[in-house]
Amino acid sequence: MPIYNPPPAGGGTGVTSHDQLTGVTSLQHHAETHIVSAAAHTFPGGASLFLAGTGAWLVPPAGGGITTHRINTPQNISVSAPVSITGLSFALASATNYAFKYHIVYRTNSSTVGWKFAVDMLPAGANLEYLMMWQTVANNTTGAMTMRKITTSVGPSTASFPDASTADQLVPIEGSIRVSATAGSLDVLGGAEVGGTSNFLTIMAGTWGYHF
1 MPIYNPPPAG GGTGVTSHDQ LTGVTSLQHH AETHIVSAAA HTFPGGASLF LAGTGAWLVP
61 PAGGGITTHR INTPQNISVS APVSITGLSF ALASATNYAF KYHIVYRTNS STVGWKFAVD
121 MLPAGANLEY LMMWQTVANN TTGAMTMRKI TTSVGPSTAS FPDASTADQL VPIEGSIRVS
181 ATAGSLDVLG GAEVGGTSNF LTIMAGTWGY HF
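The sequence shown begins at 1 in this note's numbering and counts up by one.
Fair warning: there could be bad hints in the mix.
[To be verified] FRET-style restraints, in silico, Cβ to Cβ: (1) Gly53 / Thr142: 47 to 57 Å; (2) Asn72 / Thr146: 26 to 36 Å; (3) Thr166 / Val59: 45 to 55 Å; (4) Ala164 / Val59: 47 to 57 Å; (5) Ala164 / Gly65: 34 to 44 Å; (6) Arg148 / Leu58: 41 to 51 Å; (7) Thr142 / Ser84: 49 to 59 Å; (8) Lys149 / Val59: 32 to 42 Å.
I should point out that these hints are in silico values taken from the structure, not numbers from a laboratory.
All values derive from a computational prediction rather than experimental measurement.
C-beta atoms are modelled at their ideal positions from N, C-alpha and C, and glycine is treated no differently.
Working from the sequences, and respecting the hints, build out all of it.
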């Protein structure tokens, strides 16, 4: 079917000529030839490289991004000596600086059972400092949170839980660490104030964190 063009000034049929149709076909051919797709072409850099501004294909640099942590299944801790909370640890490379932040959502099974939280580093020797805050009143109640700056792996503890055992409470932790020449790991620790099968701290699903 011929392509209709508006009649040119001064008269004319408005019907596309053979030369015009040939030009359209040629343009379509060139457009299809230069489609960049894995189906039509092989990428010269492969799947693991990126094209830098210099025109060279390079391997993406390692590190530099944010690593996230999230707990999807509640964890019960019934010992008084704080232990590593599963899913929140990360490796420390030697001679590297890190920043981290966690929001720990927790419960205890009784208002008379408190908690222990801390951040630990292995091996010792790195420079660690972090802020920890915790609630001293029930949810939706006027009152201040307590905050403490800590530079050791021995964190604070409480002797009670200021809310119903079915209520979630929050402990935000954020800080930084400067690792020496020895690599290691960073762990977030949790424990019940008094250990035993009838006394336990529960780290709730929805606890999250990140580091970079």
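Results for each hint:
no. : hint                       : verdict
1   : Gly53 / Thr142: 47 to 57 Å : holds, 55 Å
2   : Asn72 / Thr146: 26 to 36 Å : holds, 29 Å
3   : Thr166 / Val59: 45 to 55 Å : holds, 51 Å
4   : Ala164 / Val59: 47 to 57 Å : holds, 54 Å
5   : Ala164 / Gly65: 34 to 44 Å : holds, 40 Å
6   : Arg148 / Leu58: 41 to 51 Å : holds, 45 Å
7   : Thr142 / Ser84: 49 to 59 Å : violated, 35 Å
8   : Lys149 / Val59: 32 to 42 Å : holds, 40 Å
Hint 7 from the list above is the single one not met by this structure.
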